[in-house]
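A.B. asks: Each chain, letter by letter, is given below.
2 protein chains.
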Amino acid sequence: MQEILDASTPGDWRRLDPKNTVYLELDAGRVVIELAPGFAPAHVGNIRTLAHAGYWNGMSINRSQDNFVVQWGDPAEDDKDRKSLGKAKAKLPAEFERKAAGLDFHALPDRDGWAPQVGFAQGFPAARNPEAGTAWLAHCYGMVGAGRDTAADSSNGTELYVVTGQSPRQLDRNITMVGRVVQGMEKLSVLPRGTGPLGFYEKPEQRTAIKAIRLASDVPKKERTALEVLRTGTPLFEELVEARRNRRDDWYKVPAGHIDLCNVPLPVREVAKK
Amino acid sequence: MQEILDASTPGDWRRLDPKNTVYLELDAGRVVIELAPGFAPAHVGNIRTLAHAGYWNGMSINRSQDNFVVQWGDPAEDDKDRKSLGKAKAKLPAEFERKAAGLDFHALPDRDGWAPQVGFAQGFPAARNPEAGTAWLAHCYGMVGAGRDTAADSSNGTELYVVTGQSPRQLDRNITMVGRVVQGMEKLSVLPRGTGPLGFYEKPEQRTAIKAIRLASDVPKKERTALEVLRTGTPLFEELVEARRNRRDDWYKVPAGHIDLCNVPLPVREVAKK
Numbered sequence: 001m002q003e004i005l006d007a008s009t010p011g012d013w014r015r016l017d018p019k020n021t022v023y024l025e026l027d028a029g030r031v032v033i034e035l036a037p038g039f040a041p042a043h044v045g046n047i048r049t050l051a052h053a054g055y056w057n058g059m060s061i062n063r064s065q066d067n068f069v070v071q072w073g074d075p076a077e078d079d080k081d082r083k084s085l086g087k088a089k090a091k092l093p094a095e096f097e098r099k100a101a102g103l104d105f106h107a108l109p110d111r112d113g114w115a116p117q118v119g120f121a122q123g124f125p126a127a128r129n130p131e132a133g134t135a136w137l138a139h140c141y142g143m144v145g146a147g148r149d150t151a152a153d154s155s156n157g158t159e160l161y162v163v164t165g166q167s168p169r170q171l172d173r174n175i176t177m178v179g180r181v182v183q184g185m186e187k188l189s190v191l192p193r194g195t196g197p198l199g200f201y202e203k204p205e206q207r208t209a210i211k212a213i214r215l216a217s218d219v220p221k222k223e224r225t226a227l228e229v230l231r232t233g234t235p236l237f238e239e240l241v242e243a244r245r246n247r248r249d250d251w252y253k254v255p256a257g258h259i260d261l262c263n264v265p266l267p268v269r270e271v272a273k274k
Numbered sequence: 001m002q003e004i005l006d007a008s009t010p011g012d013w014r015r016l017d018p019k020n021t022v023y024l025e026l027d028a029g030r031v032v033i034e035l036a037p038g039f040a041p042a043h044v045g046n047i048r049t050l051a052h053a054g055y056w057n058g059m060s061i062n063r064s065q066d067n068f069v070v071q072w073g074d075p076a077e078d079d080k081d082r083k084s085l086g087k088a089k090a091k092l093p094a095e096f097e098r099k100a101a102g103l104d105f106h107a108l109p110d111r112d113g114w115a116p117q118v119g120f121a122q123g124f125p126a127a128r129n130p131e132a133g134t135a136w137l138a139h140c141y142g143m144v145g146a147g148r149d150t151a152a153d154s155s156n157g158t159e160l161y162v163v164t165g166q167s168p169r170q171l172d173r174n175i176t177m178v179g180r181v182v183q184g185m186e187k188l189s190v191l192p193r194g195t196g197p198l199g200f201y202e203k204p205e206q207r208t209a210i211k212a213i214r215l216a217s218d219v220p221k222k223e224r225t226a227l228e229v230l231r232t233g234t235p236l237f238e239e240l241v242e243a244r245r246n247r248r249d250d251w252y253k254v255p256a257g258h259i260d261l262c263n264v265p266l267p268v269r270e271v272a273k274k
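The listed protein sequences derive, respectively, from chains C and Z. Residues in the first sequence are numbered consecutively from 1, following our numbering. Residues in the second sequence are numbered consecutively from 1, following our numbering.
Think of the hints as simulated: they come from the structure by calculation, not from any bench. A few of these clues could be false.
Put simply, identical chains are the same to the list, so a pair is met inside one copy or across any two.
Keeping only pairs whose Cα atoms sit at most 25 Å apart, straight-line, the calculated DSS-like set for lysine-lysine is [stated by the list, open to error]:
| id | residue 1 | residue 2 |
| --- | --- | --- |
| 1 | K80 | K203 |
| 2 | K253 | K99 |
| 3 | K91 | K19 |
| 4 | K253 | K89 |
| 5 | K253 | K91 |
| 6 | K99 | K19 |
| 7 | K221 | K211 |
| 8 | K80 | K211 |
| 9 | K87 | K211 |
| 10 | K19 | K89 |
Please take these sequences and the hints and turn them into a complete structure.
C.D. replies: This is the structure:
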């Protein structure tokens, strides 16, 4: 894989857009999330508003369930104790799917069990149903979703989770996905597992404090993390996928000839600041 | 799922065999591993010999690579500094596959991309090629394998890894799998990620000490962890798989109608000691 990346040209990479980039600031450092407005415009809009207002600052990561997700948000159990949403909307539509029309979707060569087609769109692992004309984001490692209650439209973007375990693809089309962690997953994946139901921490002091969640565009340029993500719709990316489908190094005795969507790496690199 | 387990009878469960059970003792507590002699008899034989002799006691977990594996063994880099294998064999055959004949294999209803058939055998996630008449264990979360160098037969069971990330099924049939963590995964999955190549720790003090690795049959009965594992070849287990293929609770709006091998839970319970 490194050989392929070494052969990449500047055009194979894209710079993260600060308006679509969120920094989750922990004592352990920064986690960088790329938002997916192309799939969840209403949720991303709310997340931008909430981050801009400092909604999550001083809140905490309240849940870490082994082989599943970590999750943060307002830990208050009673509605009356919850922090005000300020200018953010209290109610959003469910954004489980979008129209496939107009979406630049690059399908993987291999069949998937969960969806008619899988591949990448706008840099995210995604799925598509050509018959229904729909597309949606897939629950791969590092993907970020908006927690909800039983009603499909009960998420407002305040309660966010990150996949830290075996891809729970059964959640696809059941919940609104809002983006992906592009740097810092190892700060979330090591969080002690909560011992309460669903991996929630039983004692407040077990939670991990959130110093701040900020939109990169609200952060002074010199404090931003300058990241580039490999484009997914290029010949180079196809070459990378093929190199992972059939490993060519001497260590592998039986190349798989296959790859699952969530096994495809999505390279990210830091770039020198100007 | 809990409803199905609540309806189980004692015959739906099997007690772990102490001769096939290994305890990895850490400061954080005990990790319980079930060995798979039906798939890797030579490696399991060596692991029993090594554990019996206390080979790993005082060694360490030397590697934690995010979304991939943790790994332990002798951290010595030079062969001359390595601990003696004692009565264990220095050389073992590669045990990547076994004959499918004679193996009680229960296939899942869904197609898999990595293998002609997948399902469960002897309680482990496994795959089968009916044409070739072969079967092998699958790299799902919690599965344990024997690290090797480039030569297929270069593993001896001293260097063991546990899958902590998205199932790296490309490793199937490329490395000998020896068992599965049945309890205590959350003690391994939270280990800080190593910052060296492949997630190895760069400083010795970053490693996690191994107090002991013991065969349960070498441990006094009252100190054993009494565990039962749900049998995988039963009508109850099929019911459980179906309940996970199509979630019936109100939360799910679009049941997947599918499950991947590595998404099937393998329930374990502690039983009261007599």
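A.B. asks: Each hint: holds or not?
C.D. replies: Now for the hints, and whether the structure bears them out:
For a Cα distance limit of 25 Å, the shortest separation of K80 from K203 inside one copy, 21 Å, qualifies, whereas the shortest one across copies, 49 Å, does not. When the C-alpha separation of K253 and K99 is checked against a cutoff of 25 Å, the pair qualifies only between copies, where the shortest distance is 18 Å, while the shortest distance within a copy is 42 Å. Within a single copy, K91 and K19 get their C-alpha atoms as close as 22 Å, which meets the 25 Å cut-off; across copies the closest is 57 Å, which misses it. Within a single copy, K253 and K89 get their C-alpha atoms only as close as 54 Å, which misses the 25 Å cut-off; across copies the closest is 23 Å, which meets it.
Within a single copy, K253 and K91 get their C-alpha atoms only as close as 53 Å, which misses the 25 Å cut-off; across copies the closest is 19 Å, which meets it. Only within a single protomer do K99 and K19 lie at most 25 Å apart by alpha-carbon distance; the minimum there is 23 Å, versus 56 Å between protomers. Taking identical chains as interchangeable, the C-alpha atoms of K221 and K211 lie at most 25 Å apart only when both belong to the same chain, with a minimum of 19 Å there against 48 Å between chains. In this assembly of identical chains, the alpha carbons of K80 and K211 lie at most 25 Å apart only when taken from the same copy (23 Å versus 49 Å across copies).
In this assembly of identical chains, the alpha carbons of K87 and K211 lie at most 25 Å apart only when taken from the same copy (21 Å versus 54 Å across copies). Only within a single protomer do K19 and K89 lie at most 25 Å apart by alpha-carbon distance; the minimum there is 19 Å, versus 59 Å between protomers.
When each numbered hint is compared with the structure, no violation occurs for any of them.
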